[in-house]
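Peer 1: Protein chains in written order, with the numbering used here: chain A, 1 to 285; chain B, 1 to 285; chain C, 1 to 285; chain D, 1 to 285.
Simulated from the structure, these hints should not be mistaken for lab results. Treat the hints loosely; a few may be bogus.
[Stated by the list, open to error] Calculated Cβ distances over 12 Å to all of chain D for the following chain C residues:
(1) Phe200
(2) Gly213
(3) Ala221
(4) Glu240
[As the list claims (entries may be wrong)] Under the rule of at most 30 Å between Cα atoms (straight-line distance), these lysine-lysine pairs were calculated in the DSSO-like manner:
(5) D/Lys267 / A/Lys244
(6) A/Lys253 / D/Lys28
(7) A/Lys280 / A/Lys108
(8) D/Lys15 / B/Lys253
(9) A/Lys186 / A/Lys108
(10) B/Lys16 / D/Lys186
(11) D/Lys88 / D/Lys244
(12) A/Lys90 / A/Lys268
(13) D/Lys244 / C/Lys273
(14) B/Lys149 / B/Lys186
(15) B/Lys253 / C/Lys90
(16) B/Lys244 / A/Lys108
(17) C/Lys16 / A/Lys268
(18) C/Lys16 / B/Lys108
(19) A/Lys57 / A/Lys28
(20) D/Lys97 / D/Lys108
(21) A/Lys267 / D/Lys211
(22) C/Lys244 / C/Lys90
(23) B/Lys244 / B/Lys268
(24) B/Lys57 / D/Lys28
(25) B/Lys88 / D/Lys15
(26) C/Lys108 / B/Lys140
(27) D/Lys273 / D/Lys253
(28) C/Lys97 / C/Lys57
(29) C/Lys97 / A/Lys273
(30) C/Lys244 / D/Lys186
(31) A/Lys211 / B/Lys57
(32) B/Lys57 / A/Lys244
(33) D/Lys186 / A/Lys97
(34) D/Lys88 / C/Lys244
(35) D/Lys267 / B/Lys273
(36) A/Lys268 / D/Lys28
(37) D/Lys15 / A/Lys211
(38) A/Lys253 / B/Lys211
(39) C/Lys140 / C/Lys244
(40) A/Lys15 / C/Lys280
The C-beta atom is built at its ideal place from N, Cα and C for all residues, glycine as well.
This is what each chain is made of:
There are 4 protein chains.
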Amino acid sequence: MHDNSAILLIAAPDKKGLVYTITEFIYKNQGNLLHAEQHIDVTNNIFFMRLEWDLSKFVIPSSQIWQALSEIRQVWNMDMQLYFSYNKPKAAIFVSKSDHCLFDLLHKHQNGELQMDIGLIISNHENNQRSADFFNIPFKFFPILKENKEEQELQQLAVLAQKDIELVVLARYMQVLTPRFVDTYKNRIINVHHSFLPAFVGANPYEQAYKRGVKVIGSTAHYVTETLDDGPIISQRVVEVSHKDNLQEFVLKGKELEKLVLANAVKKHIERKILVFQNKTVVFD
Amino acid sequence: MHDNSAILLIAAPDKKGLVYTITEFIYKNQGNLLHAEQHIDVTNNIFFMRLEWDLSKFVIPSSQIWQALSEIRQVWNMDMQLYFSYNKPKAAIFVSKSDHCLFDLLHKHQNGELQMDIGLIISNHENNQRSADFFNIPFKFFPILKENKEEQELQQLAVLAQKDIELVVLARYMQVLTPRFVDTYKNRIINVHHSFLPAFVGANPYEQAYKRGVKVIGSTAHYVTETLDDGPIISQRVVEVSHKDNLQEFVLKGKELEKLVLANAVKKHIERKILVFQNKTVVFD
Amino acid sequence: MHDNSAILLIAAPDKKGLVYTITEFIYKNQGNLLHAEQHIDVTNNIFFMRLEWDLSKFVIPSSQIWQALSEIRQVWNMDMQLYFSYNKPKAAIFVSKSDHCLFDLLHKHQNGELQMDIGLIISNHENNQRSADFFNIPFKFFPILKENKEEQELQQLAVLAQKDIELVVLARYMQVLTPRFVDTYKNRIINVHHSFLPAFVGANPYEQAYKRGVKVIGSTAHYVTETLDDGPIISQRVVEVSHKDNLQEFVLKGKELEKLVLANAVKKHIERKILVFQNKTVVFD
Amino acid sequence: MHDNSAILLIAAPDKKGLVYTITEFIYKNQGNLLHAEQHIDVTNNIFFMRLEWDLSKFVIPSSQIWQALSEIRQVWNMDMQLYFSYNKPKAAIFVSKSDHCLFDLLHKHQNGELQMDIGLIISNHENNQRSADFFNIPFKFFPILKENKEEQELQQLAVLAQKDIELVVLARYMQVLTPRFVDTYKNRIINVHHSFLPAFVGANPYEQAYKRGVKVIGSTAHYVTETLDDGPIISQRVVEVSHKDNLQEFVLKGKELEKLVLANAVKKHIERKILVFQNKTVVFD
Chain A
1 MHDNSAILLI
11 AAPDKKGLVY
21 TITEFIYKNQ
31 GNLLHAEQHI
41 DVTNNIFFMR
51 LEWDLSKFVI
61 PSSQIWQALS
71 EIRQVWNMDM
81 QLYFSYNKPK
91 AAIFVSKSDH
101 CLFDLLHKHQ
111 NGELQMDIGL
121 IISNHENNQR
131 SADFFNIPFK
141 FFPILKENKE
151 EQELQQLAVL
161 AQKDIELVVL
171 ARYMQVLTPR
181 FVDTYKNRII
191 NVHHSFLPAF
201 VGANPYEQAY
211 KRGVKVIGST
221 AHYVTETLDD
231 GPIISQRVVE
241 VSHKDNLQEF
251 VLKGKELEKL
261 VLANAVKKHI
271 ERKILVFQNK
281 TVVFD
Chain B
1 MHDNSAILLI
11 AAPDKKGLVY
21 TITEFIYKNQ
31 GNLLHAEQHI
41 DVTNNIFFMR
51 LEWDLSKFVI
61 PSSQIWQALS
71 EIRQVWNMDM
81 QLYFSYNKPK
91 AAIFVSKSDH
101 CLFDLLHKHQ
111 NGELQMDIGL
121 IISNHENNQR
131 SADFFNIPFK
141 FFPILKENKE
151 EQELQQLAVL
161 AQKDIELVVL
171 ARYMQVLTPR
181 FVDTYKNRII
191 NVHHSFLPAF
201 VGANPYEQAY
211 KRGVKVIGST
221 AHYVTETLDD
231 GPIISQRVVE
241 VSHKDNLQEF
251 VLKGKELEKL
261 VLANAVKKHI
271 ERKILVFQNK
281 TVVFD
Chain C
1 MHDNSAILLI
11 AAPDKKGLVY
21 TITEFIYKNQ
31 GNLLHAEQHI
41 DVTNNIFFMR
51 LEWDLSKFVI
61 PSSQIWQALS
71 EIRQVWNMDM
81 QLYFSYNKPK
91 AAIFVSKSDH
101 CLFDLLHKHQ
111 NGELQMDIGL
121 IISNHENNQR
131 SADFFNIPFK
141 FFPILKENKE
151 EQELQQLAVL
161 AQKDIELVVL
171 ARYMQVLTPR
181 FVDTYKNRII
191 NVHHSFLPAF
201 VGANPYEQAY
211 KRGVKVIGST
221 AHYVTETLDD
231 GPIISQRVVE
241 VSHKDNLQEF
251 VLKGKELEKL
261 VLANAVKKHI
271 ERKILVFQNK
281 TVVFD
Chain D
1 MHDNSAILLI
11 AAPDKKGLVY
21 TITEFIYKNQ
31 GNLLHAEQHI
41 DVTNNIFFMR
51 LEWDLSKFVI
61 PSSQIWQALS
71 EIRQVWNMDM
81 QLYFSYNKPK
91 AAIFVSKSDH
101 CLFDLLHKHQ
111 NGELQMDIGL
121 IISNHENNQR
131 SADFFNIPFK
141 FFPILKENKE
151 EQELQQLAVL
161 AQKDIELVVL
171 ARYMQVLTPR
181 FVDTYKNRII
191 NVHHSFLPAF
201 VGANPYEQAY
211 KRGVKVIGST
221 AHYVTETLDD
231 GPIISQRVVE
241 VSHKDNLQEF
251 VLKGKELEKL
261 VLANAVKKHI
271 ERKILVFQNK
281 TVVFD
């Protein structure tokens, strides 16, 4: 990632002149285009675009770019998001007992492979405190019982708000979030489900897969919506299995996929490369 | 494949001495083991095995091997199948309009990659007559309408019986077979479904996949049972897709998978490498 | 593919305003952008772009577009190619004995999956005449011996010139072309080599791979240059193998890859989606 | 893995009765076969086998099994290895600066996915001390300079001997071992090379791959022999790349492969599932 760039994500009804208009804005204000990628959804006639340009000689101060784009936004009826590469996203990681995804994210983060700030780790189990300490990330333990679930979630939301968290990563967090939580972080909660959705929704997907006798198993990272395991899919990976693999081997093979799809989805999100439209994603390269 | 070998497929309750007993039988009768592969389903305590041995010095005539194995079969409570490599399976291919799987099978067959006799091609469309002629395979046209479906199937079954067909390959045959047909060819009808089952059962799986916004699509070859798209899975393959792929590209990418899984499943079946147990398959290497 | 569009392929030194300038040209002349994809090679500071726009309301006649772009081309020092979707590329397929790639291309072409005209099939064996007839493609037999090789090639080039062939597809053609031939069709000869290059250059790559004991085998489609198997790579695919696969199974598995990479490379070429720069390719989506 | 089983690895000239003889030995001594897998290398007429049986009712004490097998070994001219599942292999991990493979191995080991004892970590850099401490594994720092290389290696060998290390894992250890070291641990040093060998041998394989413009990159785990990157291949994995991936992205994608192939190779080795023959491996399932 560039360290002084602006990133624009656009969705708009497709019309002649869109690319011209937006690249004219950047060019005439001395912006050097670093990346531009577009996609036209022909079925819905929607134009999607991601632009990134160098700000070093850009004549509009960053704080005024949003305002400067207001006319274009209005005229072309654009749904627009503006980000700056020097503002790292603040994320929280939620995890239950299984720590393979957590560890993978923390290790990649430590090595500079994930450009975000991890504000804290939240868990309903205490076992991951030690790993959090090792990676110097604050850890909060929220035990969840049926009777305290709603209350605990309110507390979690309070902590997230206080820490300005904008992205929630469910790294094998085995609790279903309430609609209130999901609404608060719409398109900003990434979950990993251990099957190739839409197959094997819900609990114990590896067991479901094993019983069905499939020859490939998969893993899916997706944004969380109110319907369980039904949100927009960001990333999927699969691996071959055979009758020789028992349930335990399904789980071991699957873990590798879970790490890959979750880390990939988080990377795409924090690089501002994902647009969501009608429960589907556009994931730019 | 060896050209003068016996092949034994066994499923039995797992007990001490199984491998010893059966290899003793082969060894003591001067059989040279060419291939032996076993698998234990620990959950169900079932032992599966495939053995292949050279018959050239075997002292029991082929016609008496089944009888000679009767005691072992009884004592060990074995479910057993015996085949000889010089008896090529006789197959019929069913196809509708789309001919990519048909062509792939015919071309591989012509090149000696599929050791079976293709007794005939049956279609509910006439367009594939020309290809059948090119590959010198008899072709029968059975137009299917709601009102003649059962009757036509009876005719088809009569033709299959008359030609001693033992394997039915549905190479994109877009008609659901009746239970009578399925019963007649239990575990001997191979279908290709154009999704990674159990996702996207039924009609238009690519359209379903496209609407769901998946990032991988797949294809599945399976034995046909009375429940649609629910039979034992033999082979599955997947390919990555993205928002850049429209429905037509899903179809084109999928076609390649369909060919691969169907040809692979047919090959395994005619090499006598598949055992079915409780709606799952053991597919030997 | 659109049926009335212009396609522009551009390579140029990267400078501020490139995208703006070219999209302005299209927009101001009433072209509706159908596809735009760019890539910046940061190491070499080269900008690559593919643009496609609808010609139905474009105010410049097709015959004058090249001229109209001359100033932009000069000012920005662009290497530019212009194509029209209604001009289908004319291709010749060269093949030796093995016909799996040939068949795959002909079948896809027949089904409308490859938008090109196949002007003729050239072979140093006669066996593929019958298939050529079946698909209604002219066939020419050029037996090649050491002593007549150069002469035969001259004859081949003459036929290609006479038929206005612009793309040569080597679908498992087991003859090394002379530099004269390669020069005549620079970046317009696509070959399939049956290994994941640069491993196993030259003869018998499957045997080389088998002897080395690799656990994956691959296939590569590339443009032909004067150095054997060293040209710009367009497409590669691999498949897992194990000790259980003998050389024959390497070959069978490999054939599937060969078909996939060659068909894919041809498709990309005829859709004008490939740019070659310094022995590497940019392959647009 | 079973916790009280014997494992037999056999390589022998293929002869009638081999499987019978060895399964008779196990059966007649009250061993319950848990796993049996064989492979015949037809080219070299060599028979490979892995057998595992439950020792709980086996009538020969573990300490006498080797002796009890001596006649069979001699008569059939078998190359034989005998292991017991309760004897966990002792391994040492060598690592330089990059810690992704190290971390992956340590984390899997901690979670019980790799049944071995990690006796120590050896590094020519100090940075991994902290991780070693976190996972409670002894760490030894051996700085390597041209002038002290041989001496340091002698010291390393002394430590390995003292700790009874039987397996050396080079988890991105950027030093070439001397022939003395390699001889001492013949077929017991596993290295990960960051390319799909035999392509891109030696230094900077990702850079080599990037320059060649390949469309897939790979990673290889192999036993170390005296010739650099030429030893028997155990595991290989690849991932697609495109012109959009710069060198840094090659490295990031490659890291995931390196972890997968190395962990897989180590797992196979410690489960006694690998046989080496003529610079190739048989890797049982």
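Peer 1: It remains to establish, for every hint, whether it holds in the given structure.
Peer 2: Cross-check of the supplied hints:
1. The Cβ of C/Phe200 does not lie farther than 12 Å from every Cβ of chain D; its closest approach is about 8 Å, which violates its non-interface assignment.
2. Once the 12 Å rule is applied to beta carbons, C/Gly213 is inconsistent with being away from chain D; the minimum gap is 3 Å.
3. With a cut of 12 Å on Cβ distances, C/Ala221 falls inside the contact zone with chain D, its closest approach being about 9 Å.
4. For C/Glu240, the shortest C-beta to C-beta distance to chain D comes to about 8 Å, within the 12 Å cut-off, and the non-interface label is violated.
5. Annotation: proposed proximity of D/Lys267 to A/Lys244 holds, straight-line Cα distance about 16 Å (limit 30 Å).
6. A C-alpha spacing of about 37 Å is found between A/Lys253 and D/Lys28, which places the hinted pair above 30 Å, so the restraint is violated.
7. The straight-line distance between the Cα atoms of A/Lys280 and A/Lys108 is roughly 27 Å, inside the 30 Å bound, and the hint therefore holds.
8. A C-alpha spacing of about 47 Å is found between D/Lys15 and B/Lys253, which places the hinted pair above 30 Å, so the restraint is violated.
9. At most 30 Å may separate the alpha-carbon atoms for a hinted pair to count; A/Lys186 and A/Lys108 meet this at roughly 25 Å.
10. In summary, the hint linking B/Lys16 to D/Lys186 is not supported, as the alpha carbons are separated by about 36 Å, beyond the 30 Å threshold.
11. Restraint check for D/Lys88 and D/Lys244: the C-alpha separation of about 45 Å exceeds 30 Å, so the hint is violated.
12. With a C-alpha separation of about 14 Å, the suggested pairing of A/Lys90 with A/Lys268 holds against the 30 Å cut-off.
13. Under the criterion of a C-alpha separation no larger than 30 Å, the hint pairing D/Lys244 with C/Lys273 is consistent with the structure, at around 14 Å.
14. The suggested pairing of B/Lys149 with B/Lys186 holds, with an alpha-carbon distance near 20 Å, which does not exceed 30 Å.
15. In summary, the hint linking B/Lys253 to C/Lys90 is supported, as the alpha carbons are separated by about 24 Å, within the 30 Å threshold.
16. Between B/Lys244 and A/Lys108 the alpha-carbon distance is near 28 Å, which keeps this suggested pair within the 30 Å criterion.
17. Our distance criterion of 30 Å between C-alpha atoms is met by C/Lys16 and A/Lys268, whose separation comes to about 26 Å.
18. Proposed proximity of C/Lys16 and B/Lys108 is contradicted: the alpha carbons are some 54 Å apart, above 30 Å.
19. Simply put, A/Lys57 and A/Lys28 have alpha-carbon atoms about 11 Å apart, close enough for the 30 Å limit, and the pair holds.
20. A hinted pair counts as satisfied when its Cα atoms are at most 30 Å apart, and D/Lys97 with D/Lys108 qualifies at roughly 20 Å.
21. This hinted pair checks out: A/Lys267 and D/Lys211 have alpha carbons roughly 26 Å apart, not beyond 30 Å.
22. This hinted pair does not check out: C/Lys244 and C/Lys90 have alpha carbons roughly 43 Å apart, beyond 30 Å.
23. Distance hint between B/Lys244 and B/Lys268 is unfulfilled; the C-alpha atoms sit about 35 Å from each other, more than 30 Å.
24. Of the supplied pair hints, the one linking B/Lys57 and D/Lys28 holds, its CA atoms being roughly 27 Å apart against a limit of 30 Å.
25. For the hint pairing B/Lys88 with D/Lys15, the CA-to-CA distance comes to about 28 Å; that is within 30 Å, so the pair holds.
26. Only pairs whose Cα atoms come within 30 Å are accepted, and C/Lys108 paired with B/Lys140 is accepted, the gap being roughly 25 Å.
27. With a C-alpha separation of about 28 Å, the suggested pairing of D/Lys273 with D/Lys253 holds against the 30 Å cut-off.
28. Between C/Lys97 and C/Lys57, the direct Cα distance comes to roughly 49 Å. Violation of the 30 Å bound is thereby established for this hinted pair.
29. A hinted pair counts as satisfied when its Cα atoms are at most 30 Å apart, and C/Lys97 with A/Lys273 does not qualify at roughly 48 Å.
30. Under the criterion of a C-alpha separation no larger than 30 Å, the hint pairing C/Lys244 with D/Lys186 is consistent with the structure, at around 24 Å.
31. This hinted pair does not check out: A/Lys211 and B/Lys57 have alpha carbons roughly 43 Å apart, beyond 30 Å.
32. The hinted pair formed by B/Lys57 and A/Lys244 fails the criterion: a straight-line CA distance of about 33 Å is larger than 30 Å.
33. In summary, the hint linking D/Lys186 to A/Lys97 is not supported, as the alpha carbons are separated by about 40 Å, beyond the 30 Å threshold.
34. Restraint check: the Cα-Cα separation between D/Lys88 and C/Lys244 comes to about 28 Å, which is no more than 30 Å; the hinted pair holds.
35. Straight-line distance between C-alpha atoms of D/Lys267 and B/Lys273 comes to about 28 Å, which keeps the hinted pair within the 30 Å bound.
36. At most 30 Å may separate the alpha-carbon atoms for a hinted pair to count; A/Lys268 and D/Lys28 exceed this at roughly 60 Å.
37. A hinted pair counts as satisfied when its Cα atoms are at most 30 Å apart, and D/Lys15 with A/Lys211 does not qualify at roughly 40 Å.
38. This hinted pair checks out: A/Lys253 and B/Lys211 have alpha carbons roughly 28 Å apart, not beyond 30 Å.
39. Proposed proximity of C/Lys140 and C/Lys244 is contradicted: the alpha carbons are some 41 Å apart, above 30 Å.
40. Between A/Lys15 and C/Lys280 the CA atoms are separated by roughly 35 Å; this puts the pair beyond 30 Å, and the hint is violated.
The earlier numbered hints that this structure contradicts are 1, 2, 3, 4, 6, 8, 10, 11, 18, 22, 23, 28, 29, 31, 32, 33, 36, 37, 39 and 40.
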